[in-house]
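Model the full structure from these sequences, guided by the hints.
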Amino acid sequence: MALQSLDIKQRSATTTPAPQARQTIEVAKLIDVSACIGCKACQVACMEWNDVRDEVGHNVGVYDNPADLTENSWTVMRFSEVEQNNKLEWLIRKDGCMHCADPGCLKACPAPGAIIQYANGIVDFHQENCIGCGYCVSGCPFNVPRISKKDSKAYKCTLCSDRVAVNQAPACVKACPTGAIQFGSKEDMKDYAAKRVTDLKERGFDKAGLYDPAGVGGTHVMYVLHHADQPNLYSGLPVNPSISPLVALWKGATKPLATLALAGVALGSLFHYVMKGPNEVSKEIEAEVEKEDAQ
Amino acid sequence: MIRDPKDLQRYDASERANHWVVGISFILLALSGLAFFHPAFFPLTQLFGGGTWARILHPYLGVFMAFFFLLLFLRFWKLNRMTDADREWLSRVKEMVNGDDHNMPIQGKYNGGQKMMFWWMTVCVVLLTLSGLFIWRAQFNVPVDLARFGAVVHAAVAVLMIALIMVHVYAAIWTRGTLRAMWYGTVTRAWAKQHHRAWYRQMTGK
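In order, the protein sequence lines correspond to chains Y and C.
Under the working numbering, the first residue of the first sequence is numbered 1, with each subsequent residue one higher.
Under the working numbering, the first residue of the second sequence is numbered 296, with each subsequent residue one higher.
Please note that the accuracy of each hint is not assured.
Unchecked claim - The calculated lysine to any residue pairs, modelled on SDA-like cross-linking and capped at a C-alpha distance of 25 Å, are: (1) Lys195(Y) x Ala214(Y); (2) Lys291(Y) x Arg471(C); (3) Lys373(C) x Met412(C); (4) Lys501(C) x Ser282(Y); (5) Lys276(Y) x Ala476(C).
To be verified - Sample of chain Y residues facing chain C (criterion: CB under 7 Å; computed from the structure): (6) Ala18; (7) Pro19; (8) Ile131; (9) Cys133.
Read the hints as simulated data drawn from the structure, not as lab findings.
Built from N, CA and C at the ideal position, the CB exists for glycine as well.
Written as structure tokens, this is what we have:
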């Protein structure tokens, strides 16, 4: 989004610094899992605001609907039934892009400007620059981006970057009837979460805590969890997510070094020719062959 | 218009055509692949009609090259079996690179270096094809760790193969009188006698 070009922090497949004249505060969305009733108003609001509609699917026997994130469903409620302290607990997590401070998708993306990280922390896909390779899917530690079968472009939650740019909260936040989704500066959201965690601890959830995983530099979508010691209870939320070491190896210092090595082979060949001369057929052997012909 | 009817036939027309098909597809693969390798090379996608087209074409070109490389492999693998003379040649390769071939052992149609090149390229094409299938997201959807592993292998082997091809091309330019074998199939007898004497004897009976 060109209007926000001064607010860009990182741009995919770009090796020079982004425009950094203007600094903005970091924003965050806080999802209080303990206050979520699973009504899916956030899913509806997301489709409504972004004007995307998923295909009508089938009931797969659980409340999850749609069953997974798709190019048209950028957020889904995931329902899991777990037993904790001999009691059944129904954990409902609103899944979607976590807007990592260290985004694996952006690191993996080979197309310049297809993935942008704004100074406020939002990680946005720009489909007009997307080439459809799916490297973002390999890069993501949370299994979020989805490639459209129709146009081969990658899609995910934008954290309503268009709304946030004009000082509006994301659509899901606006729609949530219980206040389970909060939006504001990352600082404020952490303070709010601390209060919620204290409250949960008083109610007997002594492992309650904030999910803001350090392995990806923190996230701009955070969860308040009643069982922060076991994030995987919540439909497989990763315990300690980080960019895979394979992705780090694939996209790290090795590539510039390999490029230099290739340049070395090319230049080495040229200078070998210049310094050692060509490997010619010797006059001596040519004369031998001619002599044989004359006989 | 044969300059010298006594020139030796090194490759027939179908072998040459096969080599060119593989060579052209390799160059296209290297150019489109490098575009995704590092942002510095991304402008190369313009040669293919933009980033999306490069992404679409690259894997199909890969399958195409793998098939024609297989044909090339089937034609030449028997001639590339390593012998003791090849190992001896390889142990002296430093002298050869320094431009002194006087002490190099007599070689057949291919010397030890060419044979090593053949086998290394074969390994590279196999690894590139397999790892390429793992990251061909338009066709296959493999578990994410396999796709990550495939991406690393694909990038690493691609660099190795590009370096090998550079050496392959340079060796053909450096050794004067070689390129014509690729263009129209023949070499002079003096060339054969100097570089591949055992093959020269086999071809001429001398």
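Structure-based check of all given hints:
Taking the CA atoms of Lys195(Y) and Ala214(Y), the gap is about 21 Å. The hint holds against a cut of 25 Å. A C-alpha spacing of about 22 Å is found between Lys291(Y) and Arg471(C), which places the hinted pair at or below 25 Å, so the restraint holds. Our distance criterion of 25 Å between C-alpha atoms is met by Lys373(C) and Met412(C), whose separation comes to about 14 Å. A distance of roughly 19 Å separates the Cα atoms of Lys501(C) and Ser282(Y); the hinted pair therefore holds under the 25 Å criterion.
About 23 Å separates the Cα atoms of Lys276(Y) and Ala476(C), which keeps this hinted pair within 25 Å; it holds. Look at Ala18(Y): its Cβ only gets to about 13 Å from chain C, farther than 7 Å, so that hint breaks. Checking Pro19(Y) against chain C by beta carbon gives a least distance of about 17 Å; that is not within 7 Å, so the hint is violated. Among the interface hints, the one on Ile131(Y) holds; its C-beta lies about 4 Å from the nearest C-beta in chain C, closer than the 7 Å criterion.
Of the supplied interface hints, the one on Cys133(Y) holds, with its beta-carbon coming within about 5 Å of a beta-carbon of chain C, less than 7 Å.
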